[in-house]
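2 protein chains.
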Amino acid sequence: MNEDTTPQAAAAEATFPVGDLRFDDRGLITAVVQDAEDGRVLMVAWMNRESLRRTIAGGTTWFWSRSRKELWHKGATSGHVQRVREIRADCDGDTLLVRVEQVGAACHTGERSCFHRTLDAPGA
Amino acid sequence: MNEDTTPQAAAAEATFPVGDLRFDDRGLITAVVQDAEDGRVLMVAWMNRESLRRTIAGGTTWFWSRSRKELWHKGATSGHVQRVREIRADCDGDTLLVRVEQVGAACHTGERSCFHRTLDAPGA
Chain A
-12 MNEDTTPQAA AAEATFPVGD LRFDDRGLIT AVVQDAEDGR VLMVAWMNRE SLRRTIAGGT
48 TWFWSRSRKE LWHKGATSGH VQRVREIRAD CDGDTLLVRV EQVGAACHTG ERSCFHRTLD
108 APGA
Chain B
-12 MNEDTTPQAA AAEATFPVGD LRFDDRGLIT AVVQDAEDGR VLMVAWMNRE SLRRTIAGGT
48 TWFWSRSRKE LWHKGATSGH VQRVREIRAD CDGDTLLVRV EQVGAACHTG ERSCFHRTLD
108 APGA
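Sequence order for the protein chains is A and B.
Okay, so the first sequence: first residue is -12 according to the working numbering, each after it adds one.
Okay, so the second sequence: first residue is -12 according to the working numbering, each after it adds one.
These are calculated hints, taken from the structure and not from any lab test.
Mixed in with the good hints there might be a few duds.
Remember, identical chains collapse to one label, so a pair may be satisfied in a single copy or spanning two.
Derived SDA-like pairs: lysine to any residue, alpha-carbon spacing no greater than 25 Å straight-line [unchecked claim]: (1) 56 with 2; (2) 56 with 67; (3) 56 with 44; (4) 56 with 107; (5) 56 with 43; (6) 56 with 78.
Make the full structure from the sequences, and use the hints.
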């Protein structure tokens, strides 16, 4: 059997049509940003259709700020841009996984990842 | 200088108090689930306070289903439970990163990760 026709190869090539993405009732979709080099989860933010369009067109990440109600180009001020290597969609099309090359720090605190603290939940 | 007192060491030990987490106006918080072994992002789901409490107390993941409006214990039917290794919070406390040992497949399709398809966005 030609290995290009194995189920594994077919699965590896499967794609998700951008038109089938499910934005929520606010027009937003969750975007998880992961370092493409070491797999570290860097941050989670929101995209609307326009920020996704700009991200795809320009190759660096744009998000929608729910608090400021405006588009923001990650790193526009700090220089800490995220160069997009790959965008993946989850099985039901309501979450994106954006794999990036992170310049500098992803977090506004200066930490490489926004997830720099473990949850302190004694006993729970 | 004692290396235990470097800023790096302090940052590595920093924790986020569970009581400071910010649940949204629906009482939910986004949870990104990552394979603790290979760093693969497996799925994204929602937790409310009770599902987080059960997750911490029992050591396997519980979520809140927005469509079914009920708690669900991941793997209760399939056996594909997620054993929690670590829970991290992001800088502003409104997203969790749950690092797990995944038994079997995380996705209901049988794929290991829900993010098994790349986004097909020609031209954008």
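Evaluation of the provided hints:
Taking the shortest Cα distances, residue 56 and residue 2 never come within 25 Å of each other, neither inside one copy (31 Å) nor across copies (30 Å). In this assembly of identical chains, the alpha carbons of residue 56 and residue 67 lie at most 25 Å apart only when taken from the same copy (21 Å versus 39 Å across copies). Proximity of residue 56 and residue 44 under a CA criterion of 25 Å is satisfied intra-copy only: 22 Å inside one chain copy versus 37 Å between copies. For a Cα distance limit of 25 Å, the shortest separation of residue 56 from residue 107 qualifies neither inside one copy, at 31 Å, nor across copies, at 27 Å.
For the homomeric pair residue 56 and residue 43, the shortest alpha-carbon distance inside one copy (21 Å) is at most 25 Å, but the shortest distance between copies (34 Å) is not. In this assembly of identical chains, residue 56 and residue 78 lie within 25 Å of each other by CA distance solely across copies; the values are 20 Å between and 28 Å within a copy.
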